[in-house]
Amino acid sequence: MTMSLWRIAVEAPSYKANDLTGAGAKMSGGRWNNIGTPLIYSATNIALATIETILHIRSGGLPFNRFLVRIDVPDVVWNSRLVLDPLPGGWDAIPCGMTSRTTGDAWVASGSSALLLVPSVSVPDEYNVLINPQHPDVASITATTIKRWIYDPRFFS
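If you read the sequence shown in my numbering, its first letter stands for residue -10, the second for the next number, and so on.
FYI, nobody ran anything at the bench for these hints, they're computed from the structure. One or more hints might be untrue.
[As the list claims (entries may be wrong)] Derived pair list, reagent style SDA-like, types lysine to any residue, alpha-carbon separation capped at 20 Å:
no., residue 1, residue 2
1, K5, I35
2, K5, F56
3, K136, E0
4, K136, V72
5, K15, G86
Based on the provided sequences and hints, a complete structural model is requested.
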């Protein structure tokens, strides 16, 4: 059995949408990592993945070149996931601050697990799942590009 996680990812010249190296987050940083730390961001459901990506789109038009990616995690890896608890103060700051970034960087460097569940800032009762691409268990995780992702234009009107 597997647990399915979800991403809406960009396809770029330097990496594919289903990339599991964390190259995109390594180049740009994010809420849970500084530039230079590879990390894969995913969500526990497609709706949350949609919300998370919409919140990060800064252009005025519809985003193109996005793809829905299903990430299949074997049960043995899912069962060894960690949940970030307690949450560091300021983890939900907008814009994100150093507290969450240094927490994520430390988790990646520790190699303590392949997966870390963190609450979504936009929907705190739902979880995003961070994937440490440097953890050996990532070799058993697969990512499949399902389809081109088209956002409902009402999100941007």
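We went through each hint and held it up to the structure:
Proximity of K5 to I35 is assessed by CA-CA distance (about 19 Å); at most 20 Å being required, the pair is judged to hold. Taken as a hint, the K5 and F56 pair is honoured in the structure, with Cα atoms around 10 Å apart against an allowance of 20 Å. Taking the CA atoms of K136 and E0, the gap is about 12 Å. The hint holds against a cut of 20 Å. Restraint check: the Cα-Cα separation between K136 and V72 comes to about 30 Å, which exceeds 20 Å; the hinted pair is violated.
Between K15 and G86, the direct Cα distance comes to roughly 17 Å. Compliance with the 20 Å bound is thereby established for this hinted pair.
The structure does not agree with numbered hint 4 stated previously, though it agrees with all others.
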